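The residues making up each chain are set out below.
There are 2 protein chains.
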Amino acid sequence: MNAADLKNIKITGGYWKARTDINRTVTLTTEYEQLKITGRYDTFKQIWKEGMPEKPHYFWDSDVAKWIEACAYNLIHHTDTKTEELVDLIIDDIEKAQWEDGYLNSYFTVVEKDKRWTNLLIKHELYCAGHLIEAAVAYNEAIGKKKFLQIMCGYANHIDSVFGPEKGKLHGYPGHEEIELALVKLYKATNEKRYLKLAEFFVTERGKQPSYFDWEEKQNTGLLRYNRKKGTTKPYSYVQAQAPVAEQTAIEGHSVRALYYLAGVADIAEHTGNMDLLEACERLYENMVNKRMYITGGVGSTPDIERFSFDYDLPNETAYAETCAAIASVFFCNRMLNITKDGKYADTMELALHNGVMAGISLDGTEFFYANPLATDTRAVDEETLEFKAHMGYKRRKWFGCACCPPNIARLLSSLGLYFYSYDCNGIYINLYGSSEFSHEGMLLTQITNYPWDENIKIRVGCDGGCSKKIALRIPGWCRKLSIRIISRNVSAEFKKGYAYLERIWHDGDEIDLFLKMPVEKMQAHPHVRHNTGKTALKRGPVVYCIEEEDNGKNLSSLVLRSNDEFQSIYDDNFLGGCVYLTGPAYRLSEKEFSGMLYRPYSPDYEKVEIKAIPYAMWTNRTPGDMLIWLNII
Amino acid sequence: MNAADLKNIKITGGYWKARTDINRTVTLTTEYEQLKITGRYDTFKQIWKEGMPEKPHYFWDSDVAKWIEACAYNLIHHTDTKTEELVDLIIDDIEKAQWEDGYLNSYFTVVEKDKRWTNLLIKHELYCAGHLIEAAVAYNEAIGKKKFLQIMCGYANHIDSVFGPEKGKLHGYPGHEEIELALVKLYKATNEKRYLKLAEFFVTERGKQPSYFDWEEKQNTGLLRYNRKKGTTKPYSYVQAQAPVAEQTAIEGHSVRALYYLAGVADIAEHTGNMDLLEACERLYENMVNKRMYITGGVGSTPDIERFSFDYDLPNETAYAETCAAIASVFFCNRMLNITKDGKYADTMELALHNGVMAGISLDGTEFFYANPLATDTRAVDEETLEFKAHMGYKRRKWFGCACCPPNIARLLSSLGLYFYSYDCNGIYINLYGSSEFSHEGMLLTQITNYPWDENIKIRVGCDGGCSKKIALRIPGWCRKLSIRIISRNVSAEFKKGYAYLERIWHDGDEIDLFLKMPVEKMQAHPHVRHNTGKTALKRGPVVYCIEEEDNGKNLSSLVLRSNDEFQSIYDDNFLGGCVYLTGPAYRLSEKEFSGMLYRPYSPDYEKVEIKAIPYAMWTNRTPGDMLIWLNII
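Residue numbers (the working numbering), protein chains in the order written: chain A, 117 to 750; chain B, 117 to 750.
Hints in this document: simulated from the structure, not taken from any laboratory.
These numbers come from a predicted model, not from an experiment.
Fair warning: there could be bad hints in the mix.
Which copy is meant is left open, because identical chains are indistinguishable; a pair holds if it fits in one copy or across any two.
[Claimed, not checked] Mimicking SDA-like on lysine to any residue, the simulated pairs with C-alpha atoms at most 25 Å apart in a straight line are: (1) K123 x K301; (2) K708 x D429; (3) K309 x S277; (4) K670 x S425; (5) K460 x M713.
Full structure from sequences and hints, please.
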């Protein structure tokens with residue numbers, strides 16, 4: 117099936133409207149201010165010289181690009197001349213910054229002038245190119261201004277002249293993937309097959325032996341090559357180059373790199389029909405969700421070089437689970453969903469969105485998490501070394517030195533509608549639930565729901581005369597009880613791979629009433645997850661819950677649940693932007709009998725208390741403090 | 117009470133004889149070989165020049181000194197001309213390496229020649245001096261050779277001329293404590309009060325404001341000052357200099373430093389009668405044992421700069437619990453025991469000895485742990501960065517770049533008898549149990565026991581005619597049921613602060629039969645230890661147990677105990693050097709129902725299995741693998 121065009125989708129109410137409105141009206145402005153004061157917004161003016169402050173970094177271009185891309189998506193439905201002007205100004209700078217031969221990178225133009233393409237492993241040139249291409253495609257599609265797209269075609273042509281399998285070209289590929297999926301977008305925007313071919317080259321060249329990165333190192337001695345030093349046992353697994361992807365059996369290395377790469381691999385599989393690549397995507401996806409993913413949909417459990425760890429290694433307090441990695445998982449899963457029509461990918465996408473992604477931004481839209489721990493003892497974080505603290509913590513921050521996450525979440529929220537609907541020649545797929553409209557070939561589907569808080573989703577059908585398209589409703593994997601009521605007869609329903617395919621001649625005013633039962637569930641992790649044995653996590657629908665110090669006091673780990681106790685779910689419109697919180701009984705381990713001692717014979721004593729759990733995505737939006745997802749259970 | 121003289125104590129059988137014999141016959145030789153091949157043994161020859169391999173490190177002198185000290189203790193009861201010769205040769209080198217003015221340090225003589233006393237914070241000069249003094253005192257007391265002692269008196273005199281409260285002297289104190297307790301030993305060996313006064317100065321000057329270390333930094337810009345960078349919030353708490361010790365409320369910073377320091381503080385309190393210092397020792401001891409100590413007696417939970425963490429922060433897998441810190445705890449607690457006659461200090465000492473210390477050395481005496489985790493997943497350690505791996509791991513190593521632990525454990529085991537007995541004018545104190553003899557003022561006490569495996573300790577009294585000394589038997593804090601049988605009448609017993617004081621006119625052949633009941637106990641940690649809620653540790657007497665992969669398979673965390681199930685203790689003379697192991701039922705969480713998935717609604721299913729637990733001190737003496745102390749319990 118095909119991703120829908122954002123022009124045909126509107127988010128009209130409920131949870132996602134609130135969050136995407138804040139993103140458009142607040143987040144983009146605060147991010148512009150940060151881009152401006154840190155020098156990033158003006159990086160393409162190329163005025164920096166040695167000795168001046170605000171030295172450009174080799175990933176700055178990407179920060180600006182993601183912000184432009186986010187602005188572009190918003191301009192589709194919301195005219196905003198001020199933003200458009202800010203974007204156009206920077207595009208003028210970009211135009212001037214482009215070299216005669218098409219090359220375009222602010223860092224390598226002013227800092228390491230003669231080092232173009234000499235350190236693909238570390239220096240993010242192709243990564244920045246990819247983000248600029250994505251931004252250019254988005255801006256053109258949003259408002260039809262072609263200049264940026266033309267600039268980026270020029271750059272892509274240059275890259276194509278440098279890289280490729282042909283003799284005389286560099287047989288390299290980026291140390292940080294991103295350009296692969298961007299070139300596919302550029303191909304779709306321009307229909308220029310060279311871009312697809314180049315993307316395919318980057319995708320399939322990776323991991324071949326002898327390694328390009330070894331060759332590169334020999335050509336340029338003295339380069340910073342940190343991934344070796346950091347001691348991964350498999351050389352280059354940090355950048356997914358330990359073997360060709362078709363031979364890989366587990367998802368390895370830097371989590372954002374891995375998932376941007378797999379998004380690109382999926383794109384190439386789709387456009388070339390290469391089944392080995394598609395199978396690799398499926399295999400690595402299964403490894404991720406069944407062995408290496410937090411219950412929040414977050415991935416990349418190790419702060420050490422931001423990477424996937426081994427199977428079942430999912431520590432809670434030191435979880436890295438980078439916001440960008442959860443976003444990258446959404447990108448990858450959405451592609452796999454569209455290719456396979458298998459709802460399991462939508463499950464993973466929805467889980468990441470509601471938990472691992474949205475925890476990354478404050479409710480007011482101004483602050484961000486880079487890492488997303490599943491448990492916090494504030495004292496532990498306060499005591500950690502400064503290096504560690506930079507990306508870990510229990511308070512969101514306005515910005516980061518490595519600022520990938522804030523504009524990434526902005527571009528995702530600006531284009532969120534994309535993930536709601538797909539279509540193919542037979543009909544329309546509703547992948548995500550939330551009040552919204554989708555118009556497609558004469559049909560208008562309108563969702564009315566307070567999902568994920570409400571179990572009920574009403575879907576109104578608008579069309580002129582009878583329309584025979586199938587409407588495929590996603591039945592989430594977490595849902596164990598549902599009902600579909602349709603205020604009309606003559607409907608056939610077929611359940612397949614996580615979708616209910618409804619077929620009939622639809623008429624204007626038809627209404628589908630979907631109920632996805634959302635009891636509060638106590639979840640259990642696989643016994644091989646040594647951090648979570650004897651523990652449970654509360655979940656309702658796609659939303660994972662946590663308990664916070666603000667509601668439940670300190671020493672959250674001393675609270676124990678009982679398996680038979682029930683939790684109540686309560687919707688409060690005035691609580692944390694409007695959400696369902698949970699209340700129920702817990703048993704607090706008493707410390708009285710210890711008389712101040714640290715150890716004594718096992719004889720636990722409990723005091724019954726009432727606890728309150730809130731959606732994990734909303735944590736630390738009040739007084740920052742301790743937080744816990746996995747609670748002890750007896 | 118007073119520590120007994122090692123000359124009057126013999127360890128004669130059982131567990132401790134086996135371990136101390138191996139120490140004397142194997143460990144000292146393998147450590148000599150390591151000292152030799154790494155250049156340490158010859159460091160006092162002062163032949164190193166820039167460009168040569170084996171550059172001396174500023175802690176090398178201490179490694180050699182601790183080995184000499186260990187040799188010295190063994191020479192008391194075991195003539196060994198070869199070892200004595202090796203020691204004498206190095207003492208000749210030391211003599212030649214001493215400067216005219218008494219100064220003596222191999223690093224500052226050949227590497228940083230003009231930097232004497234310029235970087236007390238980092239560079240271990242006074243620390244090395246302390247260890248050399250301890251070695252010299254021990255060697256003199258062991259076999260009466262005075263040369264080394266005279267050399268060290270010369271150095272101590274020089275140090276006294278450089279440091280002190282007087283105008284013109286440096287008002288500094290070491291970045292790594294050790295010299296304080298060494299100077300007290302030197303004072304006791306020579307009766308020279310200047311050494312006591314200097315020790316008192318070092319003890320009481322520490323932490324005064326303005327800080328000496330700030331002054332030092334100003335005098336010598338560009339020094340390596342890592343403790344600031346590492347971001348402890350309290351300046352200089354890493355070296356216990358955040359405030360004078362009398363004002364400190366919690367035990368902070370580098371754990372070995374902290375406990376060597378407190379041993380010195382206790383010495384000064386004893387010899388000067390300074391009650392503020394004694395109260396500080398008691399206060400920091402209470403903070404340690406009640407809030408910052410592992411159940412193994414290990415301390416210093418944070419690999420990050422090897423330090424104490426905040427109250428109740430006792431992670432298991434990343435436990436640092438340096439072997440040297442447990443040894444230092446023995447030093448400190450033994451001093452406090454002798455000062456206060458309070459058995460609680462002996463409890464802590466015994467706990468550390470049987471668990472945190474002895475885990476640090478392999479049963480064959482050739483390999484050592486630096487850090488002593490309480491849980492290991494081998495995959496986690498294998499995946500860690502190289503820097504982290506250096507001191508962490510699940511396999512003991514023959515040696516370390518920073519080799520403090522191996523010779524430290526050797527000198528402790530060589531002098532272990534010291535900790536068994538004390539005396540005062542009223543009588544004799546038995547602090548630790550194990551087959552041994554102690555002769556004191558005409559009395560000979562003989563312990564016959566297979567403690568800690570056996571509950572029974574027989575104590576035979578030997579004396580000419582009637583002897584009215586009290587015999588004080590330590591009643592361990594862990595012991596909840598005991599009996600004392602004496603094969604004679606007319607005995608009065610008084611129980612006070614962890615001792616049973618037995619009083620009568622003793623006659624030759626009197627026998628005391630002590631039974632300390634040792635049921636297998638399931639222990640519970642204080643609910644504020646967030647890592648251990650819902651878990652239990654098996655303990656029998658002073659011995660903490662763990663389960664190993666070798667006996668119980670992988671995924672040890674999926675094993676759950678039930679609180680009412682009983683464990684059996686079985687002594688096997690042929691297992692791990694002869695020890696009691698435990699067997700009992702556990703319930704292994706089934707993974708079947710997960711069908712390969714990572715999360716599902718909570719519905720644990722168990723398979724009953726029999727598990728085997730071994731003394732923690734003996735772990736990884738067979739096939740290295742996963743290990744766990746704290747098990748889930750329901």
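To see whether the hints hold, each was checked on the structure:
Proximity of K123 to K301 under the C-alpha cut-off of 25 Å is restricted to the intra-copy arrangement: shortest distance 17 Å within a copy versus 84 Å between copies. In this homomeric assembly, K708 and D429 come within 25 Å of each other (Cα to Cα) only across copies, at 19 Å, whereas the closest approach inside a single copy is 35 Å. Taking identical chains as interchangeable, the C-alpha atoms of K309 and S277 lie at most 25 Å apart only when both belong to the same chain, with a minimum of 14 Å there against 84 Å between chains. Proximity of K670 to S425 under the C-alpha cut-off of 25 Å is restricted to the inter-copy arrangement: shortest distance 18 Å between copies versus 30 Å within a copy.
Only between protomers do K460 and M713 lie at most 25 Å apart by alpha-carbon distance; the minimum there is 12 Å, versus 50 Å within a single protomer.
Comparing the model with each numbered hint stated earlier shows that all of them hold.
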